[in-house]
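Participant: Produce the entire structure from the sequences given, and follow the hints as far as they go.
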Amino acid sequence: MAANDVISSLVVEVAPGSEDDVAAALEKLSGVEVHETHETRLVVTIEAESVGASSATAESFLRIPGVLAVNLVYVNCEGLYDHDGESSFVSDSATD
1107 MAANDVISSL VVEVAPGSED DVAAALEKLS GVEVHETHET RLVVTIEAES VGASSATAES
1167 FLRIPGVLAV NLVYVNCEGL YDHDGESSFV SDSATD
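Each residue of the sequence shown is one higher than the last, beginning at 1107 in this note's numbering.
Worth flagging that the hints you see were computed from the coordinates, not collected in a lab.
A virtual CB, placed ideally from N, CA and C, is assigned to each residue, including glycine.
There's no promise every hint is true.
Stated by the list, open to error - Computed list of lysine to any residue pairs in SDA-like fashion (alpha-carbon distance at most 25 Å, straight line):
| # | residue 1 | residue 2 |
| --- | --- | --- |
| 1 | Lys1134 | Val1181 |
| 2 | Lys1134 | Ala1159 |
| 3 | Lys1134 | Val1179 |
| 4 | Lys1134 | Leu1178 |
| 5 | Lys1134 | Ser1166 |
| 6 | Lys1134 | Ser1124 |
| 7 | Lys1134 | Ile1170 |
Unchecked claim - Label pairs and their computed distance ranges (CB to CB):
| # | residue 1 | residue 2 | range |
| --- | --- | --- | --- |
| 8 | Glu1184 | Asp1126 | 30 to 38 Å |
| 9 | Glu1155 | Pro1122 | 28 to 36 Å |
| 10 | Cys1183 | Asp1126 | 28 to 36 Å |
| 11 | Glu1184 | Pro1122 | 35 to 43 Å |
| 12 | Leu1168 | Glu1145 | 13 to 21 Å |
| 13 | Asp1126 | Gly1158 | 13 to 21 Å |
| 14 | Arg1147 | Val1181 | 13 to 21 Å |
| 15 | Ser1136 | Cys1183 | 17 to 25 Å |
| 16 | Ser1124 | Cys1183 | 14 to 22 Å |
Facilitator: Structure, rendered in structure tokens:
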């Protein structure tokens, strides 16, 4: 894991009967891990290099057949501050 990685935890809601297919599709995505399935909800984490990359990965879940909703639960940005407490955050946006 790089110094500025973003770790996100999400709950993915899926159509009944599609749990296994959706979980298999999610596991094929880079940085994505399915931790648990409970009825029609999957607990998923994303490890990405930036907030923008994490968001793009989560948005891609909606293109998987059977996915009804993607709900962000938690985000942790590793390496956000240096030793002096100054932000070392690098934005994805060229306008920032």
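Participant: So which of those numbered hints doesn't the model satisfy?
Facilitator: Numbers 13, 16, in rising order.
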